[in-house]
Amino acid sequence: NAGVTQTPKFQVLKTGQSMTLQCAQDMNHNSMYWYRQDPGMGLRLIYYSASEGTTDKGEVPNGYNVSRLNKREFSLRLESAAPSQTSVYFCASSEWTGAYNEQFFGPGTRLTVL
Amino acid sequence: RKEVEQDPGPFNVPEGATVAFNCTYSNSASQSFFWYRQDCRKEPKLLMSVYSSGNEDGRFTAQLNRASQYISLLIRDSKLSDSATYLCVATDTGRRALTFGSGTRLQVQP
Numbered sequence: 005n006a007g008v009t010q011t012p013k014f015q016v017l018k019t020g021q022s023m024t025l026q027c028a029q030d031m032n033h034n035s036m037y038w039y040r041q042d043p044g045m046g047l048r049l050i051y052y053s054a055s056e057g058t059t060d061k062g063e064v065p066n067g068y069n070v071s072r073l074n075k076r077e078f079s080l081r082l083e084s085a086a087p088s089q090t091s092v093y094f095c096a097s098s099e100w101t102g103a104y105n106e107q108f109f110g111p112g113t114r115l116t117v118l
Numbered sequence: 016r017k018e019v020e021q022d023p024g025p026f027n028v029p030e031g032a033t034v035a036f037n038c039t040y041s042n043s044a045s046q047s048f049f050w051y052r053q054d055c056r057k058e059p060k061l062l063m064s065v066y067s068s069g070n071e072d073g074r075f076t077a078q079l080n081r082a083s084q085y086i087s088l089l090i091r092d093s094k095l096s097d098s099a100t101y102l103c104v105a106t107d108t109g110r111r112a113l114t115f116g117s118g119t120r121l122q123v124q125p
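Residue numbers (the working numbering), protein chains in the order written: chain A, 5 to 118; chain B, 16 to 125.
Don't take each hint at face value.
Here are the simulated lysine to aspartate or glutamate pairs, EDC-like style, with alpha carbons at most 16 Å apart [claimed, not checked]:
hint	chain 1	residue 1	chain 2	residue 2
1	B	K17	A	E63
2	B	K57	A	D42
3	B	K60	B	E30
4	B	K94	B	E30
These are calculated hints, taken from the structure and not from any lab test.
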């Protein structure tokens, strides 16, 4: 099994450009998450999807939109990229059963906005 | 104030040493706690959960003090392969997501 996959691995954008980060999981998990990681800041939650058909804002949602396309896929869109969005983006998934279950992370997308 | 705070380190220790990391959390409603390990330029991976009674997994021991809102990780007999960043994590049950500390970097030297 591939686990959680993310594309692309690296991306350079100019300010104002848009792009979509793709994430897919093959573990049949019902919950999926997008985090960003900046130096010295730890990982911060951008958006999450508790189950197919639902999405909710996390700690830092401004400038992003998400789509839970189906149970496997959860995409993150930057409509108008800004230098402040330069970061490493991690997608994660877990099976939510009312108690915590381990979150599995993808390898990350390294985004630079010039 | 960050919800989960850690000493960023780095902690530079020789092989075989015992090293301890501490972490404090501010949200008294946090219910579950974990240590994740992150290698350089890689994704975080679960190292171990932290239980109120304390728990051990080989060379690793985790402890939780709810009264002081404090979590610890002890690594005994450090190996070169233990070199990584250790992330202290609390759950936010409302968001079903994780709140991460900024991490403590460990470098084990030969």
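Status of each hint after checking the structure:
1. With a C-alpha separation of about 12 Å, the suggested pairing of B/K17 with A/E63 holds against the 16 Å cut-off.
2. Our distance criterion of 16 Å between C-alpha atoms is met by B/K57 and A/D42, whose separation comes to about 13 Å.
3. Restraint check: the Cα-Cα separation between B/K60 and B/E30 comes to about 23 Å, which exceeds 16 Å; the hinted pair is violated.
4. Taking the CA atoms of B/K94 and B/E30, the gap is near 5 Å; set against the 16 Å cutoff, the hint holds.
Taken one by one, the earlier hints fail for this structure only at number 3.
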